[in-house]
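Participant: Go by the hints and put chain L onto chain H.
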Amino acid sequence: MPTYKVSRRGLLGGGAAAAGVAGAFAVGRAGEGAPAEVHQPLQYDFHGTHQAGIVTPAQDRLHFAAFDVTTTERADLVDLLQKWTEAAERMTRGEYAGEGGAVEGAFNLPPDDTGEAIGLSSSGLTITFGFGPSLFRDAEGKDRFGLADRQPEALRELPHFPADNLDPRRSYGDICVQACANDPQVAVHAIRNLVRIGFGTVAVRWSQLGFGRTSTTSVSQDTPRNLFGFKDGTANIKAEETEDLEKHVWVADGDDTKADWLVGGSYLVARRFNMTVEVWDRQPLGDQESFVGRSKGTGAPLSGGGEFDDFDFDMPGSNDQTIIAADAHVRLVHPDFNDGARMLRRGYNFVDGSDALGGLDAGLFFLAFVRNPDTHFIPIQNRMATQDALMEYLKVTGSALFAVPPGTKPGEHVGQSLFA
Amino acid sequence: MRKPLSLAAPLTALLLATPLLAACTENADGDPKDGGTADARALTVESSDDACTVSADTAPAGTLTFDVTNTGSQVTEFYLLGEDGLRIVAEVENIGPNLTRELTANVPAGTYVTACKPGMKGEGIRADFTVTESDEPVTGTDDQALVDQAVEGYAAYVEDQTEQLLEKTTQFVELYKAKDDDAARALYPQARTHWERIETVAESFGDLDPKMDAREADLEPGQKWTGWHLIEKDLWPARAEDYTPLTDAERATYADDLLANTTELSERVEELTYTVDQIANGSRGLLEEVATGKVTGEEEYWSRTDLWDFQANVDGAKVGFEGVEVIVSQKDPELAELIETRFEELQALLDAQRVGDGFVSYDELSEADVKALSDAVNALSEPLSKLTATVLS
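Chains H and L are the protein sequences, given in the same order. Take the first sequence: its letters are residues 1 to 420, numbered as in this note's numbering. Take the second sequence: its letters are residues 1 to 393, numbered as in this note's numbering.
In isolation and in its complexed conformation, chain H is listed as follows (with noise of 0.2 angstroms):
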């Protein structure tokens, strides 16, 4: 059988790819006569130091999946991470997940590829993946595939935290993977084609769409909004924000003297939080600002400014309060009163159609990627579900951390710090 080098789209293909840092992308157009490009041509670069998806300029749609490993056999894990890394590296640039194409090869067999990106470019395509601690040790304690003792020492299941209704059909998993792309079926088609490559070595244990970024991880993006309808993210690291990620994102050298492997990795919490957006939307316009301590319009602080100014959390209000309430959302989260930390947010707002009494299944995928949850995360959720006026409105229905490995160089497969 002859193999092709194919491209989903003839025009854009694998000799297009941009190398150089996360961030770079290159540009193809649509098929000749074709009305102006709908979908952003964007590339990044699956290899790098850190993992594309990360301080990647936030895309705008998402798909996340997080698997249980079936297989018992830790070389058919490597074989599978392999195989992943190939198919990764192959989608982000735009080309067919597998080499024989989606309608170029054998009629009597299965494509290679599922075909729904026929067509359509890479769309700023990222994936990022991630291990959960559940695979390194089982529910027993017991070491599954030889990793127990490389298991990070942050790496644990996290506490349960008021207001916490978890769904475990939405929770937890051995490895995620998060695919963002500014086409939504491009980021599905990838975790599709993903999954189809890993039956019998994985199984899927829950997923999760996002239609909308959440966060801006560059200044050169304008800040979005959530489901209440506020900018969210505003005070979110960018990626130019070097000297930030480096002190709240990526682990560093001598962190966890066990986990060397993370080093330039970093760790990634999920969390799934469902709004009771009708009962938000009957809250007058001054309450909802002042749960929130922002502005809705402009996002600006209460305490005055633009949106990208300072918050005066001691400015006076009336009531012998200060403007900025003490239970509100910016000040229960601002590292001003969490020890200085940080954390690189990535959430992604979702609607899952309705419930049965015809509420909508909405809310926020809420990612984050952290040092160290232990102390930029776990103490920030715990303050915000016992004292943020926003917890009326939420219920966390999913919840799951990862510990996500650093960068791969062309030739080694993700993860491979950790399995050699």
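Honestly, the hints are just simulated from the structure, not real lab data. One thing to keep in mind: the hints can contain errors.
What the hints assert, rightly or not - Using 27 angstroms as the maximum straight-line C-alpha spacing, the simulated DSSO-like pairs for lysine-lysine come out as follows:
(1) L:Lys-211 <-> L:Lys-168
(2) H:Lys-83 <-> L:Lys-331
(3) H:Lys-409 <-> H:Lys-258
(4) L:Lys-224 <-> L:Lys-177
(5) L:Lys-168 <-> L:Lys-179
(6) L:Lys-371 <-> H:Lys-83
(7) L:Lys-177 <-> H:Lys-142
(8) H:Lys-238 <-> H:Lys-296
(9) L:Lys-224 <-> L:Lys-179
Facilitator: Relative to the frame of chain H, chain L by itself:
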């Protein structure tokens, strides 16, 4: 109000570079068939309404590919025939106008005949074709013997299962008509086992299948419900609302109808012949039945005996696989081994649900049990989807 994406500026700049990138890509995508020794085995065929143009009349022994393009106005076929012009070495059918289909065949040295059959009628437009000796290994000449063996073995299996189905169905309808419901309920999943083992064959009779195996939810408006599942509901009415049990006369009518159709099925099965790809496809098809109906607990909605059917589908799939296994082992030993392992893993999960000579009720499965079974079905189905192509390669 929404602002445009701030990406607009860099996009405009980079669009200018596009033609360069495009040119580069087109070159990189060059056809690997150009030049090189593999070429002589890659042939093209142009089938028009009145001509059959093969790019060469000779090729070295080995794996040959014919890219057959239909330039005519009717559906065409392409055959590689033995020297006698009768024996089909390889064929590709149903090539619509303007379509290209690839035919791959492992061909030893010898004299052959190529034929295009525009309109799918007659002898076709024929030409001689010579395959010369070469170093490339060719599949053993015992292949045909293996294929014959597989086909005979499978035919015997289907006949045997049909006989047992008829025997147990006869007993079942007698018990049911005699209102010995406990005994009928006990026999129901056992008799169904023989149906489910050959389900893909039984379903190939498009007139009998809906009469015998339709589920209530599958009926079209106005369609009369008969067969196994109607009787199932009458024997296990617990999940039905406002159910009126069948009268004795109705029981007799439906029971006799089921038996008559089963008898008809067993007669027709005797006339069937199989091809090796049908066997391989049947194996895959039975696993699809499991994935879509049994693992979800939809098949036996009233009796909850889905796991019996599940096991029977797996039995049938395994027999189909084992029939062609020796061929697969020669062509792709890794695939054969993987499928075998995955069958074992699935069987271990099923065995864990055994009780007595049968299985626990579907209702007794936990969500985790169902998920594990479904995962194992997916794990097996993925390599099984390559079985037919491998057998034919």
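Participant: Confirm or reject each hint.
Facilitator: Evaluated hints:
| no. | hint | in the structure |
| --- | --- | --- |
| 1 | L:Lys-211 <-> L:Lys-168 | 18 angstroms, holds |
| 2 | H:Lys-83 <-> L:Lys-331 | 23 angstroms, holds |
| 3 | H:Lys-409 <-> H:Lys-258 | 23 angstroms, holds |
| 4 | L:Lys-224 <-> L:Lys-177 | 20 angstroms, holds |
| 5 | L:Lys-168 <-> L:Lys-179 | 16 angstroms, holds |
| 6 | L:Lys-371 <-> H:Lys-83 | 24 angstroms, holds |
| 7 | L:Lys-177 <-> H:Lys-142 | 57 angstroms, violated |
| 8 | H:Lys-238 <-> H:Lys-296 | 22 angstroms, holds |
| 9 | L:Lys-224 <-> L:Lys-179 | 23 angstroms, holds |
The structure shown violates just one earlier hint, number 7.
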